[in-house]
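Chemist: Throw the hints in and build the complete structure from the sequences for me.
So the chains spell out like this:
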Amino acid sequence: MLIKILGSGCAKCNRLEQLTREVVAELGLNATFEHVTEMDKIMAYPIMTTPALVIDEVVRVAGRMPGKDEIAGWLRA
Amino acid sequence: MVFVAAGGSVKLRFAEGEMELLLSVLQNGVASLASYLAAHVLLCLVPAFFIAGALSALVPQQSIIRFLGPEAPKWVSYSAAAGAGSLLAVCSCTIQPLFAGIYKKGAGLGPAITFLFFAPAANILALSYTGVALGADFAIARIVLALSFGVGIGMIMAIIFRQGDTARLADQAFAGGVGISRSTLLFLAALVALLLAGTLKFDWLTAGLFSVELPWASGPALQAQLGRWVPVDVATGAEGLSVQGLLLIGLLGLIGLAAWRGLGLVDNGFNRHTWLTLGLTALTLVLAALGIRTTENGLLLTLTGRSVVVALLCALLLPLARRFEAWDVQQWLWETWRFIRQIFPLLVVGVFLVGVIRTFIQPQWIQAVAGSNTLLGNLAGVVFGVFMYFPTLVEVPIAKMFLSLGMHPGPLIAYLMADPELSLQSILITSAIIGKLKAWTYVGLVALFSTLAGLAYGAWVDGTPLLHLALLLAGFMLLLSGSLHLIGRFNRVTVH
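Protein chains in written order, with numbering that gives the first Met the number 0: chain C, 0 to 76; chain Y, 0 to 495.
Wrong hints could be hidden among the right ones.
[Said to hold, decoys possible] Here are the simulated lysine-lysine pairs, DSS-like style, with alpha carbons at most 25 Å apart:
#, chain 1, residue 1, chain 2, residue 2
1, Y, Lys103, C, Lys40
2, Y, Lys200, Y, Lys437
3, Y, Lys437, C, Lys40
4, Y, Lys103, Y, Lys435
5, Y, Lys73, Y, Lys103
6, Y, Lys435, C, Lys40
7, Y, Lys435, Y, Lys200
[Unchecked claim] Now the stretches of chain Y that chain C is said to cover, found in silico as 3 or more residues with beta-carbon under 8 Å:
#, segment
8, 56-62
9, 94-100
Everything labelled a hint here was simulated from the structure, so no lab data went into it.
These figures come from a predicted structure and were not determined experimentally.
Ideal Cβ positions, reconstructed from N, Cα and C, are used throughout, including at glycine.
Modeler: Spelled out as structure tokens, the structure:
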């Protein structure tokens, strides 16, 4: 599973990565993390707002902080 | 002293002179900080930080972005860009991706520029702080001028660079998105009401309802001591420190301590410190709204309309907040704390330094350069704003210092318009996203318009009727955009 966090390195983006890592650990999943900070690569996704969470190239959330349950739901899907 | 030589005593006296200067400079810094913390921060910045946190955590960005799509009519996209500027971009880390997004995903150069111009000057923190520190007229001038010129500059940029700015392919970025929920709106309204109730100077808010005098023998002595530490000086605008101010600064310190765990760790769930922080904050706001004065025998407490309204609104926030899910409330508090941690230390250092620097600036210098509403004075304000880069909000205490040193309100507005908009950092970001030529055109336009804003506001303060000014400004804008439009058409014809 490939998990990408899109964001310019702001506090919210780091928080999102930390939260997602926690959920991944709780579910005992195997995932590779990538924190994308280059604006061009971020803009290649259909989003305009950061932070964004991309799981296996599907944008799950952009511009807000999801709850842990929400993240767990996407990871199980 | 062991060496009682003549040279030694001279040296000692010299050192004493330096010491005194250093002490008085430091005292000025501390005094400016103390009166700032006691007077300005509480009733305006504390609610403003909570509002900023709520905007960032509870308002989905998509709810505003969706109005920026390329199919949206011009007036919708320009007003949405301005709205995004004031509602979403409380910190600079949201400005950059949003600006790039608005520009690259179809809304075009115009609204993107409007957003870039409007965001730093008109977010809730900047406005409420300007209003309290400099007066409501400055805050209103700032928002009106920033709004009209932001849209104006955006449109002009769109006209100049019409070629190559055909709408880029729109994709899902603008699609869908949930609206702002009713409970969020209510909650925000209550917070804004709290901010307004704490800062507005209506009679029914400031009038005393009833007073009690508490006997407190050491009160007058304490006040006299505070007066020695932080002297009141009407000429320089130093406000002094009251017993109430001292109490509030102490409470602020306590809130800071409690919030470190209470708000900093709130996203792991509410803890005891969270409730302590919120309780202390409410208590501080109510205390700040009380009238407390030292008299000959003790303390005179006056319950004002303001204290009642502030207390009621604080109580109202609790049931409103209960309508959210716990996660949302945690996000709100966490974002609030993030803003405070990010901005507040900069402000404290900035205000202290302003107090220090103030010692060295002669009022005559300021008055000679920008004491009256001249073209040169306004240009000086703009140039100072461009070359000095101050962190978010520090431009406000600096402006206050200039005002007390005798700067004319016109050049002051020119400075206030230029400083947050133009800095080396923002110029670099802008040129990385839209290219050098466009970026420098933007810089030139902002400088031009800031000067114009200063001249117009200064003329209004000096007594020119508003209608004349509005007509003149409208005429100027028409002329400018008309000629630019012609140039644009001419260029297109020659190219084809």
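Chemist: A separate judgement is required for each hint: does it hold in the structure or not?
Modeler: Hint-by-hint comparison with the structure:
no.: 1; hint: Lys103(Y) <-> Lys40(C); verdict: holds, 13 Å
no.: 2; hint: Lys200(Y) <-> Lys437(Y); verdict: violated, 44 Å
no.: 3; hint: Lys437(Y) <-> Lys40(C); verdict: holds, 23 Å
no.: 4; hint: Lys103(Y) <-> Lys435(Y); verdict: holds, 16 Å
no.: 5; hint: Lys73(Y) <-> Lys103(Y); verdict: holds, 17 Å
no.: 6; hint: Lys435(Y) <-> Lys40(C); verdict: holds, 21 Å
no.: 7; hint: Lys435(Y) <-> Lys200(Y); verdict: violated, 46 Å
no.: 8; hint: 56-62; verdict: holds (count 4)
no.: 9; hint: 94-100; verdict: holds (count 5)
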